[in-house]
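Could you put the whole structure together from the sequences, leaning on the hints where they help?
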Amino acid sequence: MDAVVQFFHAIPLDLIIIQTVNGIVTGMILALIASGLTLIFGIMDVVNFAHGELFMLGAYVGVVIIATTGNFWLALIGASLIVALLGAAMQIVALRPLIGRDPLNTILATFGISLVLQNYALWTFGPVARKIGEPITGQFQLFYLQYPWYRLLIAALSAAIIGGFWVYLKRGKFGVWIRATAQDRVMAQAMGIPVPWVYTGVFAIGAAMAAASGVLFAPMVGVNHTMGLDWVLKAFIVVVVGGMGNFGGSIAAAIFISLVEAYAAIWVDPSHAVLVSFVILILTLLFRPTGLFVATPR
Amino acid sequence: MTTAPLDKGAALQKLPRDKTRVSHTVVFWIGFCIVMATLIVAPLVLPEFWRRLTTEILIWGLLAMSSDLLIGYTGMVSFGHSAFFGLGMYGAAGAALFVAYFSTRLRDIYFAITTLIFSQIFYVIIFTWTAVTGGENGLIFTRPHLRIPFLYDARFTSTTMHWFVLAVVAGSYLILRRVTQSPFGMVLQSIRENEPRTRAIGYRVENFKMVAVMLSGLFAGLAGVLYAIQNEFAAPDFVYFLTSGETVIYNVMGGIGTLVGPIVGAGFFHLMRELLSRFFGEQFPYLIPLGLIFIAMIIFLPQGIMGFARRWLNR
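Protein chains in written order, with this note's numbering: chain L, 123 to 420; chain P, 3 to 317.
Note that these hints are calculated values from the structure, not bench results. All residues carry an ideal CB built from backbone N, CA and C; glycine is no exception. It is possible that some hints are incorrect.
Claimed, not checked - Partial chain L-side listing against chain P, Cβ under 8 Å, derived:
no.: 1; residue: Ile229
no.: 2; residue: Ile235
no.: 3; residue: Leu237
no.: 4; residue: Leu355
no.: 5; residue: Val398
no.: 6; residue: Phe400
no.: 7; residue: Ile402
no.: 8; residue: Leu407
Printed below as a string of structure tokens:
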């Protein structure tokens, strides 16, 4: 009994609160990346290996726009638009010819794209990490830490983007098309919905969301050409744990996994805390392969 | 992914006629001997640099061939082959069983992602466990002698190294070829074609997949050991995702489900890389043009160089 009491006393409450905030902030960014990934999978059956590279390119385009205009918000919008166009071009050139083939083909093709984009970034911008300044520099007291307001703003903005997209999916004309295509693509085509363009649009939207999260996240870490892989791996884990193609599930899973990782980092080395999410993934795949946050399939 | 089903069908139709079947085998062995002879002579003719490159292509070819057993014959794309390759270099092999146990319950995309994540787990472990693995710096060791107890003991020169690698790769190829033509290999191919039906016939699909992953991991580990001996060096970089990715590229470029194809693909990849860096300098990002070729091949030439050549020859 004593040991139990001691254990609970040993838990540092302030650390837990700090890590909760940290976990939610990274969770919201992860949710923004993962929702694009899961959207592309859910509608097109494409596992987008290049998603991390879109995230990375978004951050780089943001760096370039800030260097020329000095305006962070302009960079956020500009990067999203440019990467959305790039995503649409990618889909038309490389993925459209593969419709109707084995889905493994699209994995390989997007993997090829990710290689090209990553090396392009390395070639153009060099191996040295770039830095973006935070657009707002205010801080507030969180126990013994000076916690930047900007991080909370990121979480709020990510939530706003995801929420806005969700509303659009429910209300907008194109959103209705997307949902119709997801339900039954043959029937949607018969009703006059231009399904190939819905695919292109969905890919562009997913790319824009990845780019936006890249720009939002850039001030917290440096921007370099390998940042994509780490995040796409995490996003994959989130998408699988949340249930492939399940929009709400992947958002819940993103926050869940980030929180667990943040708590784990209290006790173990942060580089090993990553392993915790791997374990969650493996357990999910073994016991609930359809995802943690979906109703039990009948 | 279909792997040149046309000529397979043609071969089956010809089967009853004994004569063509014999000639098929004869042609195969003649071709095999010619290629072997060329590769045996190669180190005596080629200058040092190209000798090393040929040896390395053979090693990468073995790695690619091992993953072909999964991609081409069982229909499972592994993005984690660098783990086996790298762990072979660090002297561990049982990992394949561990990975196989978890990942073979999954299919298609889930399999690809899980293998990718497993290789990343091993990367993190190797990268951070500095005491044993040397961390980021890797391990440097001196090359062991080539020795047959009481009979032969000599230092590896780059020529004998080449022959040693060639012998191992050729041996592995013959074993893998036998495996894919055995009843076991036939079951693997039927899993690729239709998994539920294979299960319905009564095969324990999971066990077959598990053995396939272990076999594949074994040969990948062998390739890793060869690479370590060749370069006297083992580093966590080889466990990294990029190695797995390149393995998949060799397969697709050469032609999946052909076993020889992946070796051809590895050769093509490394020769192109060499040519590009000769033309445009060392700093040139060779993966950009190679990546574009790779994407183009998936779209226009999904059967790869070997598959294309085979279909063209059969015509």
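Here's how the hints hold up against the structure:
1. Proximity of L/Ile229 to chain P holds as hinted, the smallest CB-CB distance being about 6 Å (cut-off 8 Å).
2. Interface restraint check: L/Ile235 against chain P, minimum CB-CB distance 7 Å, threshold 8 Å, status holds.
3. Because the smallest distance between the Cβ of L/Leu237 and any Cβ of chain P comes to about 4 Å, under 8 Å, the interface hint for this residue holds.
4. Proximity of L/Leu355 to chain P holds as hinted, the smallest CB-CB distance being about 6 Å (cut-off 8 Å).
5. A least Cβ separation of about 11 Å between L/Val398 and chain P goes past the 8 Å threshold, and the interface hint is therefore violated.
6. The closest approach between the C-beta of L/Phe400 and any C-beta of chain P is roughly 5 Å, which is under the 8 Å cut-off, so the hint is satisfied.
7. The closest approach between the C-beta of L/Ile402 and any C-beta of chain P is roughly 11 Å, which is over the 8 Å cut-off, so the hint fails.
8. With 8 Å as the threshold, the beta carbon of L/Leu407 comes within range of chain P, its nearest partner Cβ sitting at about 6 Å, so the hint holds.
Consistency with the previously given hints fails for numbers 5 and 7, ordered from lowest to highest.
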